[in-house]
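Residue numbers (our numbering), protein chains in the order written: chain A, 1 to 537; chain B, 538 to 736.
Hints are computed from structural coordinates only; laboratory data are not their basis. Incorrect hints may appear among the rest.
Just a few of them, taken from the derived set where beta-carbon distance is under 8 Å, the chain B residues facing chain A [unchecked claim]:
#1 Tyr597
#2 Ser598
#3 Leu618
#4 Tyr627
#5 Ser634
#6 Pro636
#7 Lys646
#8 Leu703
#9 Phe704
#10 Lys707
Stretch by stretch, here's where chain A covers chain B in the computed footprint (C-beta under 8 Å, at least three residues) [said to hold, decoys possible]:
#11 569 to 575
#12 581 to 587
#13 678 to 690
Computed list of lysine-lysine pairs in DSS-like fashion (alpha-carbon distance at most 27 Å, straight line) [as the list claims (entries may be wrong)]:
#14 A:Lys207 <-> A:Lys228
#15 A:Lys228 <-> B:Lys594
#16 A:Lys45 <-> B:Lys707
#17 A:Lys338 <-> B:Lys707
None of the values given here were measured: they were computed from a predicted structure. Just so it is clear, CB atoms sit at the ideal spot from N, CA and C, and this is done for glycine as well.
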Amino acid sequence: MKSLLLGNEALAQGSIDAGLSGVYAYPGTPSTEITEYIQRSKLAKELKIHTTWSVNEKTAMESALGMSYTGLRAMVVMKHVGLNVASDVFMNMAVSGINGGLVVVVADDPSMHSSQNEQDSRFYGKFAMIPILEPSNQQDAYDIMHYAFDLSEELKLPVLLRMVTRLSHSRAGIEIRERRAQNVMQLPHDTSRFALIPMNAKKQFDKLVNKKTLLIELSENSNHNSLKLSEDRDIGIIACGIAYNYVMENIGDDAAYYSILKISQYPLPKKKIKKLYKHCHKILVVEEGYPVVEELLHNYFDENDKIKGRLTGDVPRTGELNPNIVGHSLGIFQGHPKSIPSIVSPRPPQLCEGCGHTDLFNTINELIPEIGNKNVFGDIGCYALGALPPLNTINTLIDMGASITMAKGATDAGLENAIAVIGDSTFTHSGMTGLLDAVFENSPITVIISDNSAIAMTGAQESSAVGRLYNICLGLGVHPEHLKKMVPLKKNHDENVELLRNELKYKGVSVIISERPCVRLSRDQKEEIKAKIASLS
Amino acid sequence: MKTNIILSGVGGQGILTIAAVLDTAALSENLFVKQSEVHGMSQRGGAVQCHVRISDKEIYSDLIPEGKADLILSVEPMELLRYIPFLNKYGWLVTDSHPFINTDNYPEKKDLFEQIKKHPYHVIINATEIAKKIGNSKVANMVLLGAAASIIPLSEESLLHAIKKLFQYKSEKIISLNIEAFFEGKKIAKEMMDLAANN
């Protein structure tokens with residue numbers, strides 16, 4: 001019997017079976033289940049595959065590069081915006097190249113189901129000039145890992161593997177194949193390419209640029225890019241990654257009448273594209289995310305009416321694809337679906353019953369009449385829901401860590417009573433450096449670290465902040481008199497309001513650690529956290 | 538043969554367990570299956586849905602197209618109506634009548650049922666109540682699965698086998714509760730369907 005796996009899990013099993021030695025990641029929807037699967041895998045444990053979470057995507061990618069440097073195969077996993085955090089090492093390791101196979105798995109989130117934007121990671125792959133793979137289904141996600149590591153080792157380049165929410169979070173039956181052995185340690189023959197001082201970097205960068213022809217040739221001959229020409233010349237379809245499924249769903253039994261180029265490997269196979277272009281009167285580009293391929297085609301063929309896609313409005317410019325959208329773009333009648341009865345009301349996500357964040361927001365809200373209603377800078381996590389009614393506490397939410405630094409910038413401009421609300425794990429991910437900025441100038445901000453001892457929003461993973469927050473803040477130079485703790489419970493409400501009011505009066509950096517474990521933690525997890533805290537003190 | 542099923546409810550109500558039973562049973566019958574689900578922020582007390590597709594041929598899209606669902610199985614009545622655009626002409630609606638109210642403007646129960654009854658093929662049962670009588674409100678999802686069993690093209694044997702497999706690490710009591718819930722749902726739905734057919 002086949003194994004029933006999420007796209008993410010299929011990819012994870014594929015990486016184990018392709019001889020992986022370490023996965024490095026920070027949780028982020030829709031990528032989280034990849035690492036979790038390997039963490040739970042008995043086989044991975046036997047093989048001593050590294051699986052511990054990293055503090056952020058940048059540290060994760062650098063560690064993966066370190067493992068690759070020793071000749072072992074490593075994988076680094078993140079959501080699309082995580083690649084922004086890791087982009088420094090990402091761009092540079094394309095220049096240095098890698099040693100053991102290194103695959104960068106990035107899960108994009110078109111339609112922003114759990115994200116702040118719908119950036120398309122293929123742009124990053126092109127920017128770094130490395131190969132990109134984009135599986136179209138779960139079996140493909142499993143099978144392609146083997147190829148990804150081979151490609152990486154053959155080219156001595158990192159390979160970007162792009163997933164999207166729908167593939168990450170959809171299950172199918174998967175056929176598992178034989179596992180190959182892990183690499184043994186073999187340090188690079190010449191380490192100078194990893195030392196990117198200008199004279200080495202120049203050499204390496206030329207090498208990278210010169211690999212382009214080879215990369216295109218590999219794409220041209222890749223099984224992952226297949227061209228099928230039919231006698232009907234009306235329309236040629238270029239379907240990238242998961243978009244291929246939506247195309248096939250629509251044309252199904254009539255597939256033989258359509259000319260289709262399926263793309264799952266980049267850079268684009270120019271010759272195949274030219275063949276399709278010459279063969280057909282019209283080209284429809286169907287791709288999930290940004291119009292990356294469509295834009296390139298407009299460049300290749302000097303802007304003309306023949307190429308249709310998201311830029312021309314034949315496919316909606318934004319948002320996730322689905323079978324109906326793609327069917328419509330193909331000109332296939334989609335029927336008249338029944339409408340949702342008007343009595344159905346929206347049911348947005350909300351904080352769990354008994355969540356400590358709610359009590360914290362109630363504390364802050366008590367002071368809003370005194371301090372004004374535009375002074376609370378928020379961050380990424382469950383507590384972002386504090387931006388919605390009925391709480392309406394948080395005014396901003398931009399990226400990991402921005403609460404502290406935006407509050408600081410606003411006070412530089414003269415805003416008084418600025419409050420930053422940040423979670424424990426977001427703080428260790430990207431808040432610590434910003435707090436040092438604020439300490440350095442003794443900015444009059446009050447930072448509340450809402451510490452629930454977990455990376456809650458993605459499923460209560462272990463937070464590297466557990467038991468360390470107080471000492472981190474002290475170490476960064478927060479004055480002990482203004483480094484406070486509170487427990488956000490109804491019974492402590494008045495006391496907490498008073499504490500916050502006093503710290504807001506202080507014209508320097510205050511940090512309040514608001515401590516209450518996430519209600520979603522299991523009893524075992526709570527015990528583990530207690531043991532961890534005890535071992536640290 | 539291709540069957541499209543939408544499962545709906547509120548985050549935390551256990552629709553993924555129903556999905557897992559369907560998937561496991563389908564794979565045991567050597568069928569193709571695809572199941573798309575919601576993870577992340579929307580899980581927190583928000584509307585969640587899950588698309589299950591079962592076929593004897595390769596399935597392409599992970600998502601069911603609008604107007605193509607053969608069954609919407611919901612553990613909550615308002616969440617059932619949210620996915621009406623997906624229902625096909627002869628599609629079935631099976632839902633728990635028990636509302637999950639966590640919004641201010643939740644509609645009147647009778648208005649919800651009126652909307653559901655506009656569709657010719659529907660089964661509304663108080664699965665939560667039935668589950669409580671059996672001994673645990675958590676098995677309401679298995680009551681509903683039982684109620685929809687006659688509409689699902691999988692054998693009872695493989696569905697029961699899948700339930701046992703899914704709960705294999707739980708106590709005997711939990712397994713038998715779930716199986717009892719399945720049969721209770723099946724029985725009540727059959728009575729309702731027979732009644733409707735005779736009228």
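Against the structure, the hints come out as follows:
1. A cut of 8 Å between beta carbons decides the hint on Tyr597 of chain B: the least distance to chain A is about 4 Å, and the hint holds.
2. The beta carbon of Ser598 of chain B is positioned within 8 Å of a beta carbon in chain A (closest approach about 4 Å), and the interface hint is therefore held.
3. Below 8 Å, beta-carbon pairs count as interface contacts, and Leu618 of chain B has one with chain A at about 5 Å; its hint therefore holds.
4. Evaluation of the Tyr627 of chain B hint against chain A yields a violated restraint, the C-beta minimum of about 13 Å exceeding 8 Å.
5. Interface hint at Ser634 of chain B: violated, since its Cβ lies 16 Å from the closest Cβ of chain A, which is beyond the 8 Å cut-off.
6. With a cut of 8 Å, the hint placing Pro636 of chain B at the interface with chain A is violated, because the nearest CB-to-CB distance is about 11 Å.
7. A cut of 8 Å between beta carbons decides the hint on Lys646 of chain B: the least distance to chain A is about 11 Å, and the hint is violated.
8. Annotation: Leu703 of chain B was flagged as interfacial toward chain A, and the flag is violated, the nearest CB pair being 11 Å apart, outside 8 Å.
9. Because the beta carbon of Phe704 of chain B sits about 16 Å from the nearest beta carbon in chain A, more than 8 Å, this interface hint is broken.
10. Hint status for Lys707 of chain B relative to chain A: violated, with the closest Cβ pair at about 15 Å, above 8 Å.
11. Residue count for the segment 569 to 575 of chain B with a Cβ under 8 Å from a Cβ of chain A: 7. That meets the three needed, and the coverage hint holds.
12. Against chain A, the segment 581 to 587 of chain B contributes 4 residues with a C-beta closer than 8 Å to a partner C-beta. That satisfies the three-residue criterion, and the hint holds.
13. Taking a C-beta to C-beta cut-off of 8 Å, the segment 678 to 690 of chain B contributes 0 residues in contact with chain A, too few for the three needed, and the coverage statement is violated.
14. Proximity of Lys207 of chain A to Lys228 of chain A is assessed by CA-CA distance (about 34 Å); at most 27 Å being required, the pair is judged violated.
15. Pair hint Lys228 of chain A plus Lys594 of chain B holds up; C-alpha atoms about 21 Å apart against a cutoff of 27 Å.
16. At most 27 Å may separate the alpha-carbon atoms for a hinted pair to count; Lys45 of chain A and Lys707 of chain B meet this at roughly 24 Å.
17. Taking the CA atoms of Lys338 of chain A and Lys707 of chain B, the gap is about 42 Å. The hint is violated against a cut of 27 Å.
Hints 4, 5, 6, 7, 8, 9, 10, 13, 14, 17, counting from the list given before, are not met by this structure.
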